[in-house]
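Here is what each chain is made of, one letter per residue.
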Amino acid sequence: MQVSINRSLKTLAVAAVAALSVSACGGGDIDAKTSQNASANASNSAQAGKCGTINMAVNPWVGYEASAYVVGELAKSKLGCTVNYKDLKEDVSWQGFGTGEVDVVIEDWGHPDLEKKFVKDKGGDGSATDGGPNGNKGIIHWYVPPWLAAEYPDILDYNNLNKYADKFATSESGGKGQFLGADPSYVQFDEAIVKNLNLNFKVVFSGGEAASITAFQKAEKNKEWLIGYFYEPQWLFAELPLKAVKLPPYTDGCQADPAKVACDYPDTILKKFYSTKWASNAEDTGVKLVKAFQWTNEDQNIVAKYISQDKMSKEDAAKKWIADNPDKVAAWLK
Amino acid sequence: MSTAAPPKVIRQGPAPDAPPVLAEPTPRWKPVAVVLLLWLAVWWFTKGTDTLVLAGRDRTPVMDTLAAFRDRMIAGRESNPVMVVTGALADALRGTVSFLQRVISIPDDPRPVPQIGWLGVTAVATWVGYAVANWRIALLVLGTFLSFGAFGYWSHSMDLLIMVGIAVVLSLAVGIPLGILAGTNKRANSIIEPVLDFLQTMPTFVYLLPIVLFFGIGSASAVVCTLLYAVPPLIRISAHGIRTVPPTMVEVADSIGLTRWQRLLKVQLPLAKRTIIVGLNQTTLAALSMATIASFVNGPGLGKPVLDGLRINDTGTALVPGLLIVAMAIMLDRATTAASERGDIMARGGGLPPRLHRAILIGGGVLAAVAVMISRQSLWAAEFPDLGWGRAIAKGAGDVITAITDTLSPITGPFKDAITYALLNPLQAFLSESPWWLAAAAIALLAYVLGGLRALVPTVVCLAGMVFFGLWNNAMVTLAMTLVATILCMVIAVVVGVAMARKRSADLLIRPILDAGQTIPAFVYLIPCLALFGPSRFTGIVAALAYAAPVSIKLVADGVKGVSATTMEAVRSSGASTMQQIRKVQLPMAKASLMLATNQGLLFVLAMAVISGMVGAGALGYDVVIGFSRSEEWGKGFAAGATIVLLGIMIDRIARRAAEAAPDQWKRFPMRAPTGPF
Amino acid sequence: MADAALSVQNLWKVFGPNAEKLIGTPDLELSRKELQAKSGHVIGVRDVSFDVAPGEVFVVMGLSGSGKSTLVRLITRLIEPTSGTVMLGEENLTTMDEEKLREVRRKRVSMVFQHFGLLPHRKVIDNVSFGLEIRGEDKTRRRARAQNMVDLVGLSGYEQNFPDQLSGGMQQRVGLARALANDPDILMFDEPFSALDPLIRRDMQNEVIRLHHEVGKTMVFITHDLAEALKLGDRIMILRDGAIIQIGTPDEVVAAPADDYVKDFVSDVPKSHVLTLKWVMRPPANSEEGIGAPTLPDTTIVRDAARTVLATDGLVRVVNAQDEFVGVVDDEDILRVVVAEEG
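Protein chains in written order, with the working numbering: chain H, 1 to 334; chain D, 1 to 678; chain P, 1 to 343.
It is possible that some hints are incorrect.
[As the list claims (entries may be wrong)] Calculated lysine-lysine pairs in the BS3-like style (CA-CA distance at most 25 Å, straight line): (1) H:K176 <-> H:K223; (2) H:K320 <-> H:K288; (3) P:K33 <-> P:K217; (4) P:K139 <-> D:K266; (5) H:K277 <-> H:K291; (6) H:K202 <-> H:K78; (7) P:K123 <-> D:K266; (8) D:K273 <-> P:K263; (9) D:K273 <-> H:K202; (10) H:K78 <-> H:K50; (11) H:K288 <-> H:K277; (12) H:K320 <-> D:K395; (13) H:K221 <-> D:K395; (14) P:K263 <-> P:K278; (15) H:K33 <-> H:K320; (16) P:K107 <-> D:K266; (17) D:K47 <-> H:K195; (18) H:K176 <-> D:K47; (19) H:K137 <-> H:K116; (20) H:K305 <-> D:K395; (21) P:K100 <-> P:K217; (22) H:K288 <-> H:K260; (23) H:K78 <-> H:K320; (24) H:K277 <-> H:K76; (25) P:K100 <-> D:K266; (26) D:K395 <-> H:K319; (27) H:K291 <-> H:K320; (28) H:K288 <-> H:K319; (29) H:K163 <-> H:K195; (30) H:K311 <-> D:K47.
Hints are computed from structural coordinates only; laboratory data are not their basis. These numbers were taken from a predicted model, which means no experiment stands behind them.
Looking at chain H on its own, in the form it has when it is part of the complex:
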């Protein structure tokens, strides 16, 4: 027994040494790739201004992810940047500008309070810089599922909502019609609108995007009555074209006093924000790319659909779009 163990041990050791020497001599394919990468990095920096690191905040909705990953994958593959994706809520992302943890917020829906705190012109500490529009337009409305709009077309006018209020009632709405609010972090005036338009509704918050989406999907499938806050660009529209309910149109200043709002939401020009320190490296090719980036709602919806409907990974979705749209990409890289 002992002898045989010792012998097999010896055999094993010999085999191990052999394997080690083979693998050491052979020089694996990783080493080759590594030196290739290293020289690529070097030549990159030798050419026109090199690319450093991009800390990309990724806010929690699919449209945002589409924008962030298209920029990020492009920076990685074409410019050799190091890209760190950071899954963060909006507020936390903004705090990251100051600490150097976040360089880019690629899609901002308007945060006056945060701008006041971090953007210099608005009286903040200057850690954040307004990067201007990213080309997307945020559209917020009250929506109903398509079946409802088809069967009761008059429901698309707010004046008729009270007529149907009791149909919208649920166990949560205390006898009134239920209006489904959204994720608490979104800008919402629905309680004020309901009150000021004398609608017999109660706002019940879904608590999150997942909850809102599921609610609309379920309502369409089971022909349930549902009205709620929703927004574009959003991948759900590819699957379920929700219908907007007409509210009194937005006019300048009609949302000035949150308590008195009685009008529809304005369209929002979505913007980019940068860390001031990061954006000051004007020669960095990554900075240049992010500054040049602009695309449309349709562009974003396609990538969002790849991610959410086709279940592609975010990286693959972005790479596919980049491959399919060489012209747009080239324009950003100029």
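Could you slot chains D and P onto chain H? The hints should help.
Just chains D and P now, with coordinates in the frame of chain H:
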């Protein structure tokens, strides 16, 4: 009175010739009923007044002060000494995490892959599994690691392991000394104990808000949260281990002339070792679940793909990483348990013959080293091949779940309405429409009636705190939901628990499901819950139930099982029917466990308040979510978090004092069994 | 008694918040119950004094709650006495500093515990050598010494076992070996055999007697079992409520109980097994009485004397240690003792 007990105890008791004075137990339900009736009567006339409702986005000065404090801390991150220290700590933690990530999980630029590829990591892990435990564990480790890669989550799994590993190492460094201190020094214990209570009553989500303030977003905060959540069980259990070293052994040590240190090192610690390893096991599982949640602050790990699944409303996508978390939990649990038993088995001559064992150990080590070398050289051994299993399962599971929810949803809606109208709405009306002074006074009175002065004092402090933070009305709404969820939880726990206790086959079948239920992140089952019940308070309750019920069921099952076989034999021989056996004997005798199960259920449900807020339950959970998302609401979020903690402490104190004399388990185990993700 | 191995003087233990202040006050005259009601203090040991001679087996006997376990712990200050002195030979244990006290515990006093107190994570041999290890002896020496002790208590062959692999009796042999390994002046036994079943207990008692013959240590032995006390003790001290009721040799205790409490205690004892002729003889009428009859020493136990006495017609003469004629016994005296037992 045995002479074996420590003599002090003998003497401090009543002298043997004095008859023991036993207070006649007074039935407490009568005064409780009186208080409730009074409350109801006053409520009838005063309802709807002084309810302290805080509308929509309104804030109190306290909340604004909190937000201002936050702003000041952020502004002072370069100068404020606290922020400088935490900042430096955060840098160190981030550095460590990213170093380890580059070793095993992410490409170490310019390398296209990590320093050590999957083959090397898997081989080393398997070898460690054998070295610390046995070949069965080695196989389990091998299978688990391969499944990480096969299902397409290699990198996320390694990240999670790194986070858990760092948190556990830090927990040991902090927890063992504190545990020893708490176990040997009464005064230190009286300080440590309440801090642990506090940490363990706090819902995990509530940790994140202040921690992120001090440690920034990302892996540093994730590690700190995980540490704070994981270390209490270790401290508590090691202290318990030290404390329960038989007094004789301490006397032996003293009588042989050991110094205090010798006594600790040679007697107390070795004797407490088994218990301490149980603590380590608990800590590891707690770390795993918290590290998953920490993905909310960009902590690396398997929590991220779970959240991704939530984002695109796809249960299947969230399910696969969720199940991998369960697999990792099982692996860590079995491995630590087996490792703790191995020492004894080996010392007693069990296991393989020592020579063979050593040969396998050396041979395996060499093989592992070779695997590491290969995985550093060749791409196939570094990057796990994409097998597509994960996507296939995700799709299949997603379809199955959709089919199930579609079939069930016609029934679930009415069920939701029934519970909501019959139970939740009346209770919520009663609690939240009571004037705050009435509800506060009634709750305080109930605390006094149930638990005497020692329950009254903390209750009053907690009530005052709730009023102070300005979210009274929401607190009452959350309380109503919590109570309804707890009632449902206990109904389920008693039915299932008794079934498990009485039928071994039922136990064998159900227990693994409960284990998985405790470990799988709640995000995985939020979408099906939403599909069944829509965004509502009831969905929040269901989500909380899914999390709380497993613990309560286990406690009830174990309690009922604990009724002695002799007693049951006697009962059966007296001709009692099954129902009589359960109602007259098993449940009453398991009363202590039932009360513990109720208390745990309450705390677990409360811990889910934030998650419930994400599916439409509103109230405090919703406030925390807002505070998390919107800068200007930070103060409100913090206040809501604090209010949840106060509610938890209040409920726990009342329940504990009410059950004072009863259960031994109560003291022995952490209030919240740290196996679940929230 | 200057040459006592152990001398205890006026030892008190009062449990409670202000125990020290109570010493010397009249409150201590109160009964336990009264004192506890009055001030919340409980008297554990009340004014106990005794001496133990070198090589003596001194048994402390009492029911549970009598203070005997406290007493044995006061001696080595596992529990701090409230007042009084404990002299170990020439040294005063009660005033010793920690360091010195530890030395005493390491080298001069060993204890055997009721529940054995073996370290479950150490093998038999390592349990036995534990005290030596603490004393800092080198490994070969302590191994050799421990092996001797293991052989002495009859556990040869079990050195490499763990305690939980042994029976209760064997575990207590390990406890004995551990206590002996230190080569102490005094061995203390705290109800060492009460957790063992009766047959094993008898074996272990014989073992103690054998060991005492072989190593001749001074022993303080705590028990609640009168038979055990009578069997092992050179002298027996009976405690009740922390106070001494009686100190005496086994036959003194049985023949002349100090009070009803002790009398009650010893009423079931088979007296013929314990009493000596000293306690049943009557004084001779004159120095010539029964001359020519067989002679027995007065230390003969009744049971052993019975055959001689019953075989003799008439008297048997009894002489003391100095061979002086001190009394006579006849059939009736013997039968009275034996028959009383039967009834």
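Hint numbers not upheld by this structure, sorted from lowest to highest: Violated: hints 3, 6, 8, 9, 22 and 30.
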